[in-house]
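Chains C and X, in that order, give the protein sequences.
Our numbering puts the first residue of the first sequence at 347, with every later residue one more than the last.
Our numbering puts the first residue of the second sequence at 160, with every later residue one more than the last.
Hints were generated in silico from the structure; no laboratory data involved.
No residue lacks a Cβ here, since even glycine has one placed at the ideal position from N, Cα and C.
Check the hints yourself; a few may be wrong.
Stretches of chain X that chain C covers, calculated by requiring three or more beta carbons in the stretch to come under 8 Å of a beta carbon on chain C [claimed, not checked]:
1) 178-184
2) 233-245
3) 255-263
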Amino acid sequence: MSHEPPEPCATRQRPASVRRDRATSFSATQPRTTGKPAPADTALHAHIERQNFQLALEDRLRELQEPAAVTAAAAEALGRQLGVGQVAYADIDEAGERAIIERDWNDGTMPSNTGVHRLKAFGPAFIADLKQGKTVAIGDIRGDSRTNTPKALITFERASIAAFLNVPLVKNGHLVAVLALHHPVPRHWSAEEISLAEAVAERTWAVVERARAESERDRFFDLSLDMLAIVSPDGRWRRVNPAFETTLGWAQSDLVGQPAEAIVHPQDRSRSRKAAAAIALGHPLKGLENRIRCKNGDYRWIAWSTAPATDQGLMYSVGRDVTDRRANEAALRTNEALLRRVLDQIFAFVGVLTLEGVVLHANRAPLAAAGIRLEDVVGKPFDQVFWWSYSPAVQARLRAAMQRAAKGEAVRYDVPVQMAEGRLMTIDFQIAPMRDDEGQIIGLIPSAIDIDQRKRAEAHRELLINELNHRVKNTLAVVQGIALQTFTGPGVANRMAAFQSRLSALAAAHNLLAQSSWEKTSLEALARRVLTAAFVQDARIELAGPPVELPPRHALTLAMALHELCTNAIKYGAFAHGSLGRVTLSWSVSTGPEAMLHLVWREHGGPRVSPPQHKGFGSRIIERALAQEFDGTVTLDFHPEGLVCTLVGLLPKAVPSS
Amino acid sequence: MSALTGKRILIVEDEFLIALTAETFLADLGAVVVGPAYTIREGLALAEGEALDAAILDVNMGGQRSDPIAAVLVERRIPFILATGYGEREGQRGIPVVDKPYTASQLATALQLVIAAHTRNAP
Chain C
347 MSHEPPEPCA
357 TRQRPASVRR
367 DRATSFSATQ
377 PRTTGKPAPA
387 DTALHAHIER
397 QNFQLALEDR
407 LRELQEPAAV
417 TAAAAEALGR
427 QLGVGQVAYA
437 DIDEAGERAI
447 IERDWNDGTM
457 PSNTGVHRLK
467 AFGPAFIADL
477 KQGKTVAIGD
487 IRGDSRTNTP
497 KALITFERAS
507 IAAFLNVPLV
517 KNGHLVAVLA
527 LHHPVPRHWS
537 AEEISLAEAV
547 AERTWAVVER
557 ARAESERDRF
567 FDLSLDMLAI
577 VSPDGRWRRV
587 NPAFETTLGW
597 AQSDLVGQPA
607 EAIVHPQDRS
617 RSRKAAAAIA
627 LGHPLKGLEN
637 RIRCKNGDYR
647 WIAWSTAPAT
657 DQGLMYSVGR
667 DVTDRRANEA
677 ALRTNEALLR
687 RVLDQIFAFV
697 GVLTLEGVVL
707 HANRAPLAAA
717 GIRLEDVVGK
727 PFDQVFWWSY
737 SPAVQARLRA
747 AMQRAAKGEA
757 VRYDVPVQMA
767 EGRLMTIDFQ
777 IAPMRDDEGQ
787 IIGLIPSAID
797 IDQRKRAEAH
807 RELLINELNH
817 RVKNTLAVVQ
827 GIALQTFTGP
837 GVANRMAAFQ
847 SRLSALAAAH
857 NLLAQSSWEK
867 TSLEALARRV
877 LTAAFVQDAR
887 IELAGPPVEL
897 PPRHALTLAM
907 ALHELCTNAI
917 KYGAFAHGSL
927 GRVTLSWSVS
937 TGPEAMLHLV
947 WREHGGPRVS
957 PPQHKGFGSR
967 IIERALAQEF
977 DGTVTLDFHP
987 EGLVCTLVGL
997 LPKAVPSS
Chain X
160 MSALTGKRIL
170 IVEDEFLIAL
180 TAETFLADLG
190 AVVVGPAYTI
200 REGLALAEGE
210 ALDAAILDVN
220 MGGQRSDPIA
230 AVLVERRIPF
240 ILATGYGERE
250 GQRGIPVVDK
260 PYTASQLATA
270 LQLVIAAHTR
280 NAP
């Protein structure tokens, strides 16, 4: 709380000037009725004078827009009219504790009391009256019990106040402002004076509040990104905000007074005119979109929301530039139509589901294949649709897949679905999550292709290969029979057994190749099959090497060679009767321009080895056939601790046999 | 002497030379050969009418499956093995398979296996 130090009271006592001031009119520009009235006319004269004063004040306030200017003008007018030393319009803060005086009017004899004042300091008694809406008029602060406390007196004296009239403005139960008339010497407040001050206080408050609201509205009006306009009854722009210039390039001065229709696109005019006619009849209108010409000649699409003020014939309009939105929407519609056309022409099955699995769309192919219509599926739970309805198990699997997809997983499997006339078609089916730009899962996309043909072709080929294998093996069995019947007599039994086991090895390799459609076979599986056929125990052989796939011819030759090594080991080497020897078969592949296979058969722990006297069929298969097939070298090392056979050759890519 | 000595074994096989091979192997093993039956009809007659310890059934008899004979053997609780060129390890209901061309020892092992299993399960 800050105050100018008050001057001594004595210096400001000038009762004579009070009456003089009162006699002069408050404003030289306003003609008033003056003159000395006859005593009988006093009441009438006072009444007329007051009316004139109020009319003049009204005229004065109407010109003002700033709240501070309004309060200042009211204060001055009232001060001069009543001949008081000081008039201030004080705003009261929300808490009801402080009075804020922005400007006051002084007659020159009193110091200004602008600033912030604590209400309590003036004595709680009369403040309580103010808060109850009672006007407080005190002719002499020293003579009134509400103000003659020592503390209050100090406060009043500091402000040079000897008498005052406070008019409270209580709105919604709260003291919001006080019109305060201060006088430096004691004086009487007449009932007319109190009544006038009260009238002025009410009027000032109303004008100030309206000015404040208007100034706030003006700020929004200027700030708005949307175009705000008022159109006159004759269809001319009455007021437009700065957004017109930023949006369309038209300055306020370009438009105000001009017909609004002038900048509407000629093709949109009749539509806009009809809308305006409806608005004029009192119907507010939202969503009229028309093209408005910019200053540079371009057109922008503007969406209008317009409300009529029928009593004044005005139209209040808010316009928003929707050119970009319309362009985006058009692009989206074009994209959507294009996408739909594409989807309807592709042979694959594609749909769109909600996260819960309700069908939103399906393309033409699966509908046509099942002989159903789009209406039969849209809006239904996907698993309840015709395609799946033939089997509860298939439906359950689909539901589980949809749940996983809704959590972000793409689930794919082959499954039969129901088609027209109850036929089942196997599809390669996938259900995948659909995400928005933020990665949020917003739906599910089922898709599928018909693999029925492929499945049937695969099954047919498998059948053919099995049949072929059966024939080949039967033929081998027949060859075996011929040999058995041809080579009879003493001494051929051993050779016959060797022949039969060779046939068995060849047959074992055929079986493996048949399993993989005669395309390839795994080296490890081949070795195991050959060793199993020769009754070698698993414990006595160690296989070590990376996965390697062999094409059919290589597989057959390697099977024969391994069989010979195995037979030799049984006769003379690690697998010999009574021996506990073992074999390690290891291989590796070196990568380069061409893959090289490095394969080693190493026997150990068997009887001592010496090179054979002569080379038989087995050696030739191993050394020649194997080397030739792999386009490499094969060495047989009859090391005393055990035979070591090494193959180094090209590893051809396993390709389907023609 | 082998475990198959004196056993009566039915051979069902439509290929003469393969049947002859089986016959030779079984004879060497001391078994008594019943058949061979070269058709399903012959096989059915022998399977129904003969006293048998075991049987060797060719699965594919000239394009027809030998299942009816297998059914009779199952009915009569006669153990049997299947002979095929399809490369399977095991037929329906766990019946052992010998893969063609088979050796005498492969045949003997398989037959002994089913006869032993049958003896164990017999009441």
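Hint check:
1. Here the region 178-184 of chain X counts 3 residues with a CB under 8 Å from a CB of chain C, which clears the bar of 3, and the coverage holds.
2. Counting residues of the region 233-245 of chain X whose beta-carbon sits less than 8 Å from any beta-carbon of chain C gives 3, enough to reach three: the coverage restraint holds.
3. For the region 255-263 of chain X, the assignment as covered by chain C holds, since 6 residues bring a beta-carbon within under 8 Å of that chain's beta-carbons and 3 suffice.
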